[in-house]
Amino acid sequence: MSAPAVARRSLALPDRRTRIVAFLVLAVLLLIGVVVAGTVAQDAARTTHLDAVSQGPSAAHWFGTDRLGRDMLARTLVGLRLSLVVGTTAALASAVIAVVLATVSVTVGRWAETAVNWLVDFFLALPHLVLLILLAFALGGGTQAVIIAVAITHWPTLTRVLQAQARQVVASEYVASSRALGTSGFALARGHLLPHLLPHFVVGTALMFPHAILHEAALSFLGLGIDPSQPAIGILLSDSMKVLSAGMWWLAVLPGVCLLVMVKLVDSIGENLRSVIDPRSYHL
Amino acid sequence: MAADTTTAVPAETSPGRFGWGRFAAKRALRLVVLLCGVAVAAFSLMTASPVDPVRAYVGAEVARIGPEQQALIEDAWGFDDPPVERFLAWAGELVQGNLGDSIVFNQPVADVIAERFVTSLALMAAAWTLSAVLGFGMGLLAGWYRGRWVDRVLTWWAYTLASAPTFWVALLLLYVFAVSLRIAPVCCAAPIGVLADDVTVWDRLHHLILPAVTLSIVGVAPIVLHTRQAVVEVLASDHVAFARAQGERGWGLVRHRIMRNAAAPALMLSFASFGELFGGSILAEQVFAYPGLGAATTTAALRQDVPLLLGIALFTTVFVFCGNLLGDVIHRFVDPRVTVDGAR
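Going down the list, the protein sequences come from chains A and B.
Position 163 of the first sequence, counting from 1, maps to 163 under full-length UniProt numbering, and the rest follow consecutively.
Position 194 of the second sequence, counting from 1, maps to 194 under full-length UniProt numbering, and the rest follow consecutively.
What the hints contain is simulated information worked out from the structure, not anything from laboratory work.
Some clues are possibly wrong.
Here are some chain B residues pointing at chain A (derived, C-beta under 10 Å) [as the list claims (entries may be wrong)]:
id: 1; residue: S44
id: 2; residue: G252
id: 3; residue: H256
id: 4; residue: L277
id: 5; residue: A313
These numbers come from a predicted model, not from an experiment.
All residues carry an ideal CB built from backbone N, CA and C; glycine is no exception.
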């Protein structure tokens, strides 16, 4: 990154910052709206209208209906809410794992660092989806199993990022003087390390979230995730595949677009948060 | 060349002054350790699964066999033995090259994997090449026109693709090209009802196009973004400024000064993405009913074929490892700064 670019950006910062905060507030409100709508729509998602089976989008049913005459807009909303719940829980849990491992690896000692590095390598040794399938299989499927499986598999990349940050902090002079004053490893981690890692934790969680949602949807799509009776987006798309050759495009296209938009939204929340919290890493 | 020229890669992954022999030995040891770890972990996961193996094996007719018979089968299969003993028995066979028999396919696991992998390999190779070439080309364009509309469109497109579920993209392509336009087959790796010997190369390619395009779309986004970044960095470097001062511009500048530098991240990413590639093939093969190893993985998990799942876990570990290894080796050839004495 060249020096002039940095100068220009920092001059333009106040304006940009306001815009970003406005975007973040709107985006979070929209996500809350999805959760509320998904909760309200739960009954509508289960109601069958046998007089309106397999219909395309119309004024009454914006997203059309499936082969049992259930309203696809309601089902999509419930699915999005489910994705949000699963994604948030799994991403948070995974980020917590990453923070703990990163902190342990730089404070406890060299052997701990080696152990964490091996653990990271080990989790990256298998294709992500294969590992998820094995975990989902071992846990017996269902929403809870998906959350656990996604949480256990998404921490390695964030752990590496946090480790790099933590190493910088630990190598700094004030930590050295704190150590010289006899501060214990635990107090060091709590007092000096965690406050530095917190912003990266927040950004990491937001950026991990899209992966978590997409992997949940993929597992459910394969029939190894959320229970098929629930309208998760992966299940909706898997159902739509069976009638796609009959020309019912709306069953596949519209829930997928909604998932894509939501993933992009959360991803841009993460990117914007990062550009506010850590402006240096903003340029990719 | 001195050792300090190896700074382009972390010290632990560079061959150091001991060269390729040491590099190979280190990597081989690493693979063995990884495989041992995966074997233990995968076996533990399978043991922890709540699935009843006898029920999974017998299937829907489990009601027809009584509890006594079920106990007999369990005894014959050794389910009463402690897990460690069972693991040692399995690992013992494994070391001798015996992966056991697949329940679903009724064949040795090694045969299933070999046969299915060849089918998947065609798909993955096509997709991999497509995404590397397209991604590199678009990354070059985006980096060269940094900040202009070409860059904006390409970058936006790459970010959007990264957020799109693979299987959904597959469904869209399937609907548009196979269902609506009818210019591509709806499923499988060859026409239905045609003997395997009668299937032409054209038939195979025709069935390969949609899954391969789907799979390439998944891998293309990171390559575009990283190539773009590399181009931007190279454009800002002294040697490009020097070449410009000498009057070099346009395509010549891109070809002689930028491409080779920008190729390193694209290559590394392409090889490092073997895991993602295989994951994508699981989804793409599910949508297009393409009979490769990805589809076999789904089938194995859905129908509780534990030996096959274990075999696939070990095999894909080797596959991902090979990708990373190839990436490292080729990186050393593309970027001469990384190679050290004795390496060439």
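Against which earlier hints does the structure fall short, listed by number upward? Hints 2, 3 are the ones this structure does not satisfy, whereas the remaining hints hold.
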